[in-house]
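There are 4 protein chains.
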Amino acid sequence: MIIMKADATKQEIDNVIAEVNKLGLRADVSRGESLTIIGLVGDERKIPFSYLSVLPGVRDAHMIETPYKLISREYSKAFQEPSENRVIHVGNVEIGGETPTYIAGPCAIESRTQLFRIAEEVKKAGAHILRGGIFKPRSSAHSFQGLGAKGDEEAREALTWLRDAGRAFEMPVLTEVRGENQVDLIAEYVDILQVGARNMYDQDLLGVLARKSKPVFYKRHFGASVEEFLSFSEYIAVEGNKDIILCERGELPIGKGKNFTRYTLDLAAIPVIQKETYLPVMADPSHATGRRDLIYPMSCAAMAAGASGLAIEVHYNPAESWVDAAQAITADELKKIIDDCNRIHGLTAGQNKKVKAGK
Amino acid sequence: MIIMKADATKQEIDNVIAEVNKLGLRADVSRGESLTIIGLVGDERKIPFSYLSVLPGVRDAHMIETPYKLISREYSKAFQEPSENRVIHVGNVEIGGETPTYIAGPCAIESRTQLFRIAEEVKKAGAHILRGGIFKPRSSAHSFQGLGAKGDEEAREALTWLRDAGRAFEMPVLTEVRGENQVDLIAEYVDILQVGARNMYDQDLLGVLARKSKPVFYKRHFGASVEEFLSFSEYIAVEGNKDIILCERGELPIGKGKNFTRYTLDLAAIPVIQKETYLPVMADPSHATGRRDLIYPMSCAAMAAGASGLAIEVHYNPAESWVDAAQAITADELKKIIDDCNRIHGLTAGQNKKVKAGK
Amino acid sequence: MIIMKADATKQEIDNVIAEVNKLGLRADVSRGESLTIIGLVGDERKIPFSYLSVLPGVRDAHMIETPYKLISREYSKAFQEPSENRVIHVGNVEIGGETPTYIAGPCAIESRTQLFRIAEEVKKAGAHILRGGIFKPRSSAHSFQGLGAKGDEEAREALTWLRDAGRAFEMPVLTEVRGENQVDLIAEYVDILQVGARNMYDQDLLGVLARKSKPVFYKRHFGASVEEFLSFSEYIAVEGNKDIILCERGELPIGKGKNFTRYTLDLAAIPVIQKETYLPVMADPSHATGRRDLIYPMSCAAMAAGASGLAIEVHYNPAESWVDAAQAITADELKKIIDDCNRIHGLTAGQNKKVKAGK
Amino acid sequence: MIIMKADATKQEIDNVIAEVNKLGLRADVSRGESLTIIGLVGDERKIPFSYLSVLPGVRDAHMIETPYKLISREYSKAFQEPSENRVIHVGNVEIGGETPTYIAGPCAIESRTQLFRIAEEVKKAGAHILRGGIFKPRSSAHSFQGLGAKGDEEAREALTWLRDAGRAFEMPVLTEVRGENQVDLIAEYVDILQVGARNMYDQDLLGVLARKSKPVFYKRHFGASVEEFLSFSEYIAVEGNKDIILCERGELPIGKGKNFTRYTLDLAAIPVIQKETYLPVMADPSHATGRRDLIYPMSCAAMAAGASGLAIEVHYNPAESWVDAAQAITADELKKIIDDCNRIHGLTAGQNKKVKAGK
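Protein chains in written order, with this note's numbering: chain X, 1 to 359; chain D, 1001 to 1359; chain Y, 2001 to 2359; chain F, 3001 to 3359.
To be clear, the hints were calculated from the coordinates, so they are not data collected in a lab. Since this is a predicted model, take the numbers as computed values, not measurements. Any given hint could be a false lead.
Stated by the list, open to error - With a straight-line Cα cutoff of 20 Å, these simulated PhoX-like cross-link-like pairs (lysine-lysine) come out:
(1) Y:K2258 with X:K258
(2) Y:K2354 with F:K3336
(3) F:K3354 with Y:K2336
(4) D:K1335 with X:K354
(5) F:K3123 with Y:K2335
(6) Y:K2256 with X:K258
(7) Y:K2258 with F:K3275
(8) X:K256 with D:K1069
(9) D:K1258 with D:K1069
(10) D:K1336 with X:K353
(11) F:K3335 with Y:K2354
(12) D:K1258 with F:K3258
(13) D:K1256 with Y:K2256
(14) X:K335 with D:K1353
(15) D:K1258 with X:K353
(16) X:K69 with D:K1124
(17) F:K3256 with D:K1256
(18) X:K258 with X:K123
(19) D:K1354 with X:K336
(20) D:K1214 with D:K1242
(21) D:K1336 with D:K1123
(22) X:K335 with D:K1354
(23) F:K3069 with F:K3275
(24) F:K3123 with Y:K2353
(25) F:K3069 with Y:K2256
(26) Y:K2258 with F:K3353
(27) D:K1258 with F:K3256
(28) D:K1258 with X:K69
(29) Y:K2275 with Y:K2353
(30) F:K3258 with Y:K2069
(31) Y:K2069 with X:K256
(32) Y:K2275 with F:K3258
(33) X:K258 with D:K1069
(34) X:K353 with X:K275
(35) F:K3123 with F:K3336
(36) F:K3353 with D:K1256
All chains, please: the whole structure from these sequences, using the hints.
Listed below in structure tokens is the structure:
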């Protein structure tokens, strides 16, 4: 759509229409009292809006269609997709189904013993999927970057522990993939491939991952709008992989001075995305807050907002955790969270289902 | 505290100490392996940090004490305040007590009939306090600014309706005060004085309001950190008025493109502030989201995060509302929200109380 | 304009048209390949978009006209305003004319002696307008709030000094008005009324100020988009006062960790606003950066971007300044800035004039 | 450094000291009137602050040393680096030397003819380095992603054109590397490797690139603070490669409604970074503004702020550009910019050199 300036001349309008026709598109002109609007008929994704927006007399030229058609409820019929919620199956676990799904485990895998002990504990607490970091994204080049950083052999060893712990305690497993070169290796061992917030915009990584035909656990970047998050999800969907589990983990905090949390968890994004798309949406209160004492209230809040599940960092001795000690909780605390979240889900799921369906 | 640069010379350090002494303060010098830190002993609020920070060799000079001592749990003992949660009493209503408090009513008061009808409905739905806007802050100079904008007589008439509706349905009443000149008039009629988000930084208004000795319903600005919000609350507390009800109503959305909500409700701010201060904290899902369909999930989420209550806009015919039609819900929808929120509170209050107390 | 969803039914479209007609507006329907757009013909500012946006089948409903018509170049002809740049005359000084205008003086007025000394120095350095704070907006309730905070008598005394210093050194004078109740008093003494960033949204203050028929020096809020800034300028213009000097002074910094400046000066806003409106736009590098050492580069940068002038804080002994010591410069430094900025203006003004005019 | 709470007990303080000693560090205790501060002596980068920050009685625990020592002026002596500005040599071109350096070329390489024509034109206009995109980061999975996306052969062909155009017109060449797998290929052909804003956090890519021992043109992410930008630069420096050219290209815009530019160019970051590090800093007005008409004022502004050079997109027919048509300028416009920027540099370089040196 093109909006002309209030003081655009007839010649400027005619010129724009001529340019539109040159591009092989039809121009639908609508003259209002003070503004003229030119609607373009054709495939919007191929229209050079940037070019049109700088023609004389043009105030604005932009796409009005959704940029994430493949995953949108609105367009799903056109793509012969069912518009109902997508349920993703991994082993015996369902994500996006009738009950919430809990992902838990250590921030970073430190040893076989550590991982097995935590796996056993989180399973008992009610978790469904086991997580554990091997390639850790870190802000400082001088910090511990995960066992994966030590070399291929160490990475493979840690991945074996993860696969084995998952088998031992009957949980599918998930770990973060930080770069294209790790995809093949990691995909050999894990059930779900995670893309962290910092890699949200990494279109090359998304393409490579998507082609592994495994579910992708995809986190929103801390500087990305919901619309961008969904637009970049298309890089996965366009490869034919729609087993995408979206995860909200917080925006950059605002204002001068302290906000007391690492990021601002945008819980309204959960029902918003569930209305826009048919994909499941989870929340990660651990990375969002960075504070152990806030995991309980923010988990309950996410569930009340309609989340399809939660991803939570657990350690038997949080203070000894090598990475992100301040945000890990114990398995006992996890159990309390899962119990209360299940009750909250029981209370709110009926009404939240109507919200998703737009009723 | 002053942190010297790694390459600061001895002479630069001595010079800083001399300056500190000249200001009548004691300097505690701590020499680390690579950095020297100078602690200042004295009343921090009177130290010219801006001046000290630009002395040669200084990397940083800043206050480390809390800037909101009067309302903080940490300092409350020093001020002989009880460090327990403050319970604010207005008529028969308690805010910050054992059960959640609900504020409801129309965005803008349109007529006596409209207000009485809504008052009756929200009372039946379970609301405790009646709200109604008379002076509306608006983004456009050309929009409806509330009945108060029509003149003193119209403002007084609308205020009379509000007071009378409150009496008729046994609810304390609340309205927004947008400027100092409205304080005397409004304080004659209402029980709780509201400061809107845009006025959060208005220190003159805060001072004048505070001296009315009525509870203040104080909203966080959409560009303010939690620390700034609490620092500006001191402008109320410093007048001796600690009946402050803090309200989270959303931060500026982030990123390029659409976020689908007007603001990002920062629900983690609720437990954070409840730990930092002894004041009650409520949430306003109506202004935060600007969307009727999100009021239910975000109300439930706020309650699960430990909110002391909610402020919600209600209209018997939302579509006919003069202002913010897209965000008003009906009294039936309010009833569903209050019922479910009370259940969520029942489930989560015990654990959230421990979070507040730092246990 | 109303944009219907891709899957909107014919009945939903007809229903929207019926609603539009009920509102007394004409609906221009444009059916594209996948979307239907309904243009509304009538006075947009009276259309209840909020109501329309929640009708079934509607994806989006919003105003497409400029919300700041009174000050826009695009609409100026309709209002019989010349679309050339507005030149504001105060005494012998021009703002928005052919040469840059410099406002300088202390952050806060401390004494008659301090003010007169600084006034003399900045005049010699080439400044045209004298500034000095009497009512200071401060983040902490415990900081020095300006002489005006001590009482009416002290405020009047400081205002007398300001007026007298202006007369003595032949400069119009300017001070910040922080609340409605200060307007009458301040307007008696000063030539230009300043609205600080924190008060940008204070529509009541803007209305009262505007009616004094003095030029208004109006600063952008640190959380406001350019569009909001201009929309709120309409609160001044709508009172018939178009002597508005807009001032860019920085946005909230972004990201985690330090940005090393207090705010992010948005210099592109200068040519942007000069294209959108006919008003002069200045920059305030002192408050934006909060750092004495950055005043020179950011002043030169603002001028190169086409600023109509600068507002800079000056003190003969910056370290002794009671408020914002870290950002004040000496008159000698000011002279260097003014000299170099005038040369930069000489170099760039011709091309920047074409940018403003859209050529 | 650890700051204890005002109400921390003696036992809590003793416990923290014991924990610090257990970690093999020395604790320097400084007891103020109301707060106790514990300085830690040892290698800060190995201290588990996250763990310490959650011990009972602790208000805050954080690193106070600079996280980017390798590139900082402050620490450069310790690393036997000269603290003067680093001058990077590529062919006959200097970056960070006495005169500004200009990088210019098309946003995306479209054909050999297009590239050679633009190369010839920008060389004549005064550019020193030729740029051209082969792998384009795009927001939509459905847009043109650069010739590199078509396959290895096409990528190699485009890279050959770029190398040949550089040789033909005697300019070093630069292109963006979007993923690890492109590094080997691209490094065969180009002189400078570019990391785009979206990849700023990609530590794996940074490591791989750095080891190529070619200069890296490294852009700040739109959501990153200056401190984060510099901290991530360490991922390059830690590989022994200090030929890093930093580039400011804008932060996320703030506020509701339009800002009229794509990003907010943070020009104060230029002198700030030049004081913090010895590296050259350039600006990219094309991507920051996304508007052809703002390239002139923002280029001049960046240069006045002390930039070491500019990167600008040029096309002989901007409207026909396949990508980002709205922001490309012609070579004639580039010539005007280079001429005026050189004059501004001549005017301001002396004073800006003092700013960098902290004098």
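Checked hints:
1. Y:K2258 with X:K258: OK: K2258 of chain Y and K258 of chain X at ~12 Å, within 20 Å.
2. Y:K2354 with F:K3336: holds, 13 Å
3. F:K3354 with Y:K2336: Roughly 13 Å between the alpha carbons, so the hint for K3354 of chain F and K2336 of chain Y holds.
4. D:K1335 with X:K354: holds, 16 Å
5. F:K3123 with Y:K2335: violated, 38 Å
6. Y:K2256 with X:K258: Given that 20 Å is the threshold and the Cα spacing comes to 11 Å, the pair holds.
7. Y:K2258 with F:K3275: holds, 14 Å
8. X:K256 with D:K1069: This hinted pair holds, its Cα atoms lying about 18 Å apart.
9. D:K1258 with D:K1069: This hinted pair is violated, its Cα atoms lying about 39 Å apart.
10. D:K1336 with X:K353: holds, 15 Å
11. F:K3335 with Y:K2354: At roughly 16 Å apart (the allowed maximum being 20 Å), K2354 of chain Y and K3335 of chain F satisfy the hint.
12. D:K1258 with F:K3258: holds, 12 Å
13. D:K1256 with Y:K2256: OK: K1256 of chain D and K2256 of chain Y at ~18 Å, within 20 Å.
14. X:K335 with D:K1353: holds, 18 Å
15. D:K1258 with X:K353: Between K1258 of chain D and K353 of chain X the Cα gap is close to 23 Å, so the pair fails against 20 Å, i.e. violated.
16. X:K69 with D:K1124: violated, 44 Å
17. F:K3256 with D:K1256: Distance ~11 Å between K3256 of chain F and K1256 of chain D Cα, so the pair holds.
18. X:K258 with X:K123: violated, 36 Å
19. D:K1354 with X:K336: holds, 13 Å
20. D:K1214 with D:K1242: holds, 10 Å
21. D:K1336 with D:K1123: Judged against 20 Å, a Cα distance of about 13 Å means the pair holds.
22. X:K335 with D:K1354: holds, 16 Å
23. F:K3069 with F:K3275: OK: K3069 of chain F and K3275 of chain F at ~13 Å, within 20 Å.
24. F:K3123 with Y:K2353: violated, 28 Å
25. F:K3069 with Y:K2256: Roughly 18 Å separates the two Cα atoms, so the pair holds.
26. Y:K2258 with F:K3353: Cα-Cα ~23 Å, so violated.
27. D:K1258 with F:K3256: Given pair K1258 of chain D, K3256 of chain F holds - Cα atoms ~11 Å apart, limit 20 Å.
28. D:K1258 with X:K69: Given pair K1258 of chain D, K69 of chain X holds - Cα atoms ~15 Å apart, limit 20 Å.
29. Y:K2275 with Y:K2353: holds, 10 Å
30. F:K3258 with Y:K2069: Holds, at roughly 15 Å.
31. Y:K2069 with X:K256: violated, 33 Å
32. Y:K2275 with F:K3258: holds, 14 Å
33. X:K258 with D:K1069: Since the Cα atoms of K258 of chain X and K1069 of chain D sit roughly 15 Å apart, the hinted pair holds (cutoff 20 Å).
34. X:K353 with X:K275: Judged against 20 Å, a Cα distance of about 10 Å means the pair holds.
35. F:K3123 with F:K3336: It holds: about 13 Å lies between the C-alpha atoms, which stays within 20 Å.
36. F:K3353 with D:K1256: Between K3353 of chain F and K1256 of chain D the Cα gap is close to 36 Å, so the pair fails against 20 Å, i.e. violated.
The structure shown violates the earlier hints numbered 5, 9, 15, 16, 18, 24, 26, 31, 36.
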